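Trainee: Working from the sequences, and respecting the hints, build out all of it.
Everything in the sequence shown is counted per our numbering, starting at 1 for the first residue and increasing by one.
In case anyone wonders, no lab produced these hints; they're calculated from the structure. Source: prediction; values computed, not measured. Possibly wrong hints are sitting among the right ones.
Label pairs and their calculated CB-CB ranges [claimed, not checked]: (1) Ala170 <-> Pro138: 34 to 44 Å; (2) Asp52 <-> His154: 22 to 32 Å; (3) Arg80 <-> Ala40: 17 to 27 Å; (4) Val156 <-> Leu107: 17 to 27 Å; (5) Lys11 <-> Thr130: 45 to 55 Å; (6) Lys86 <-> Ala51: 37 to 47 Å; (7) Lys11 <-> Leu137: 39 to 49 Å; (8) Pro179 <-> His154: 18 to 28 Å.
The C-beta atom is built at its ideal place from N, Cα and C for all residues, glycine as well.
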Amino acid sequence: MTHSMTPSTPKLKLATVWLGGCSGCHMSFLDLDEWLFELAQQVELVYSPFADVKLYPEGVDVVLVEGAIANQDHLAMIRRVRDRTKFLISFGDCAVTGNVSALRNPLAQSGAKPAQSSVDAVLNRAYLETATTHAQLPQSDLIPVLLEQVLPVHQVVAVDCYLPGCPPNAARIRGVLAPLLRGEIPELIGPEYIRFG
Numbered sequence: 001m002t003h004s005m006t007p008s009t010p011k012l013k014l015a016t017v018w019l020g021g022c023s024g025c026h027m028s029f030l031d032l033d034e035w036l037f038e039l040a041q042q043v044e045l046v047y048s049p050f051a052d053v054k055l056y057p058e059g060v061d062v063v064l065v066e067g068a069i070a071n072q073d074h075l076a077m078i079r080r081v082r083d084r085t086k087f088l089i090s091f092g093d094c095a096v097t098g099n100v101s102a103l104r105n106p107l108a109q110s111g112a113k114p115a116q117s118s119v120d121a122v123l124n125r126a127y128l129e130t131a132t133t134h135a136q137l138p139q140s141d142l143i144p145v146l147l148e149q150v151l152p153v154h155q156v157v158a159v160d161c162y163l164p165g166c167p168p169n170a171a172r173i174r175g176v177l178a179p180l181l182r183g184e185i186p187e188l189i190g191p192e193y194i195r196f197g
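Mentor: Here it is, written out as structure tokens:
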């Protein structure tokens with residue numbers, strides 16, 4: 001008995017990235033429930049907090065980027081992601097606007113003394129001024145260098161699609177991924193897709 005083998009369509013190379021956010025968008029991704037099985041048949045997950053992959057690879061087709069750019073590590077990562085990805089989705093309100101991650105921006109602007117950077121103002125407020133016991137700054141080699149301001153993804157690199165929500169619900173995530181699986185650009189129209197929060 002002979003079998004004819006037809007070349008299969010290559011799977012879409014999908015990545016997810018977690019920057020300055022709470023991981024709620026990734027938890028919402030898991031709410032895709034049984035559709036995850038269908039998705040798994042059509043994509044190769046090449047990078048994600050869900051997988052033990054150390055380096056962001058070349059040739060990624062689609063990436064969901066959760067979180068804002070808050071430190072130098074995030075800055076280097078988002079530039080690498082953009083350079084190596086065809087279609088970048090700003091995934092959730094922190095990535096789209098800065099949202100909760102950017103709450104430190106006003107503190108930095110109002111709390112900095114003339115000889116103090118906005119980063120010092122934020123660290124002092126978080127670790128010294130509000131401490132109830134053992135007030136001390138963390139060792140600098142244990143935390144990434146903070147940026148002066150937290151930035152949404154589009155202020156650092158070009159974004160191909162904005163997926164708002166805090167977090168975006170599973171239906172909204174599927175509404176973006178399903179067209180991409182068909183080779184189409186998603187169109188986010190109507191409050192079920194473009195509402196924040």
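Trainee: Which hints, by number, does the structure contradict?
Mentor: Going through the list in order, the structure violates hint 6 alone and respects the others.
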